[in-house]
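Undergrad: Single-letter residue listing:
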Amino acid sequence: DAKTTQPNSMESNEEEPVHLPCNHSTISGTDYIHWYRQLPSQGPEYVIHGLTSNVNNRMASLAIAEDRKSSTLILHRATLRDAAVYYCILRDGPSGSRLTFGEGTQLTVNP
Amino acid sequence: DTAVSQTPKYLVTQMGNDKSIKCEQNLGHDTMYWYKQDSKKFLKIMFSYNNKELIINETVPNRFSPKSPDKAHLNLHINSLELGDSAVYFCASTREGSGAVGELFFGEGSRLTVL
Chain A
1 DAKTTQPNSM
11 ESNEEEPVHL
21 PCNHSTISGT
31 DYIHWYRQLP
41 SQGPEYVIHG
51 LTSNVNNRMA
61 SLAIAEDRKS
71 STLILHRATL
81 RDAAVYYCIL
91 RDGPSGSRLT
101 FGEGTQLTVN
111 P
Chain B
1 DTAVSQTPKY
11 LVTQMGNDKS
21 IKCEQNLGHD
31 TMYWYKQDSK
41 KFLKIMFSYN
51 NKELIINETV
61 PNRFSPKSPD
71 KAHLNLHINS
81 LELGDSAVYF
91 CASTREGSGA
101 VGELFFGEGS
111 RLTVL
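The listed protein sequences derive, respectively, from chains A and B. Using the working numbering, you'd call the opening residue of the first sequence number 1 and step up by one each time. Using the working numbering, you'd call the opening residue of the second sequence number 1 and step up by one each time.
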């Protein structure tokens, strides 16, 4: 599986936007970019995914660089409930049923 | 209704015992997984079943034996428990054929402590 690199931790203030970066310089053409998050004492939950184009959903936006070697998860207005570990994961198109988790970014949201 | 439910949520046991963790999903999914999250918080896939058939078996000791009686259930049985088995075990499911775009739904985890 292609590797992703994320900062270990980030901090944000409540109601401000948060940009969580992810580098994936060895991404292949068939890899999808997925983001999951894990709230304290809970299982991971799906946030968003994309292939080439930027994506928006009710939880977040995903901005994908033109060369696809990096992406950014955007939380438009952070809330205290968004404090979690955020995982950026590459999944291979033809065979990518599994999720291979890295270390993720621990997001702290300050009131 | 909980989509993916695991029982028990907490399990404390002695070394050498045998224990099971059960997982059920009511999403109609065909593919289910077991993941292990150790004390350093790394999440690692252990097994995957599709329609009751084993399709992923990572390098896991054979003391761990998954069993899928039907496609809605994937249980994890662990023999001769060791201290290193202490972890949080997560069950997950996804729709068959969804490949790299399918969303995985995770349970809340089962925290196993081996004394």
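Since the hints were made in silico from the structure, they are not lab data. Note that the coordinates shown come from a computational prediction; the quantities given were computed from them, not determined experimentally. Heads up, some of the hints might be wrong.
Stated by the list, open to error - Cβ-to-Cβ under 7 Å is the rule here; a few derived chain A residues that face chain B: (1) Q42; (2) Y46; (3) I64.
Stated by the list, open to error - In the BS3-like style, the derived pairs of lysine-lysine whose C-alpha atoms are separated by at most 27 Å in a straight line are: (4) A:K3 <-> B:K19; (5) B:K44 <-> A:K69; (6) A:K3 <-> B:K9; (7) B:K9 <-> B:K36; (8) B:K9 <-> B:K44; (9) B:K9 <-> A:K69; (10) B:K71 <-> A:K3.
As the list claims (entries may be wrong) - Quick list of the computed label-pair ranges, beta carbon to beta carbon: (11) A:P111 <-> B:T2: 26 to 34 Å; (12) B:T59 <-> A:E103: 37 to 45 Å; (13) B:T113 <-> A:P7: 28 to 36 Å; (14) A:T108 <-> B:Q14: 31 to 39 Å; (15) B:S80 <-> A:E15: 46 to 54 Å; (16) B:S5 <-> A:E103: 23 to 31 Å; (17) A:N57 <-> B:Q14: 41 to 49 Å; (18) A:L80 <-> B:K41: 15 to 23 Å; (19) A:P111 <-> B:D18: 28 to 36 Å; (20) B:D38 <-> A:E11: 36 to 44 Å; (21) B:T113 <-> A:N23: 32 to 40 Å; (22) B:D18 <-> A:T79: 41 to 49 Å.
No residue lacks a Cβ here, since even glycine has one placed at the ideal position from N, Cα and C.
Undergrad: Using the Cβ atoms, figure out if L80 (chain A) sits within 15 to 23 Å of K41 (chain B).
TA: holds (21 Å)
Undergrad: Does K9 (chain B) pair with K44 (chain B) here, judged by a C-alpha cut-off of 27 Å?
TA: Given pair K9 (chain B), K44 (chain B) holds - Cα atoms ~19 Å apart, limit 27 Å.
Undergrad: Could you tell me whether the CB distance from N57 (chain A) to Q14 (chain B) stays inside 41 to 49 Å?
TA: Holds: the Cβ-Cβ distance is about 46 Å, inside 41 to 49 Å.
Undergrad: Double-check Y46 (chain A) for me: the hint is only fine if its C-beta lies closer than 7 Å to a C-beta in chain B.
TA: At about 4 Å, which falls below the 7 Å cut-off, the nearest Cβ of chain B leaves the hint on Y46 (chain A) intact, so it holds.
Undergrad: Could one say that the CB atoms of T108 (chain A) and Q14 (chain B) fall in the range 31 to 39 Å?
TA: holds (37 Å)
Undergrad: So if I understand the rule, the pair passes when the alpha-carbon distance is 27 Å or less; does K71 (chain B) with K3 (chain A) pass?
TA: With a Cα-Cα distance of about 31 Å, the restraint between K71 (chain B) and K3 (chain A) is violated, given a limit of 27 Å.
Undergrad: Between D38 (chain B) and E11 (chain A), does the beta-carbon spacing fit 36 to 44 Å?
TA: About 26 Å separates the Cβ atoms of D38 (chain B) and E11 (chain A), which means 36 to 44 Å is violated.
Undergrad: Given the hint that K3 (chain A) pairs with K19 (chain B), test it: the Cα-Cα distance must not exceed 27 Å.
TA: violated (34 Å)
Undergrad: Next pair to validate is K9 (chain B) with K69 (chain A); report whether the Cα-Cα distance is within 27 Å.
TA: Violated, because 39 Å separates the two Cα atoms, which is more than 27 Å.
Undergrad: Lying within 28 to 36 Å: is that true of the beta-carbon distance T113 (chain B) to P7 (chain A)?
TA: holds (31 Å)
Undergrad: Given the hint of 32 to 40 Å, check if T113 (chain B) and N23 (chain A) actually sit that far apart at their C-beta atoms.
TA: holds (36 Å)
Undergrad: Holds or violated: is the Cβ of I64 (chain A) closer than 7 Å to a Cβ in chain B?
TA: Result: violated, 15 Å to nearest chain B Cβ.
Checked against the numbered hints given earlier, the structure breaks hints 3, 4, 6, 9, 10, 12, 19, 20 and satisfies all the rest.
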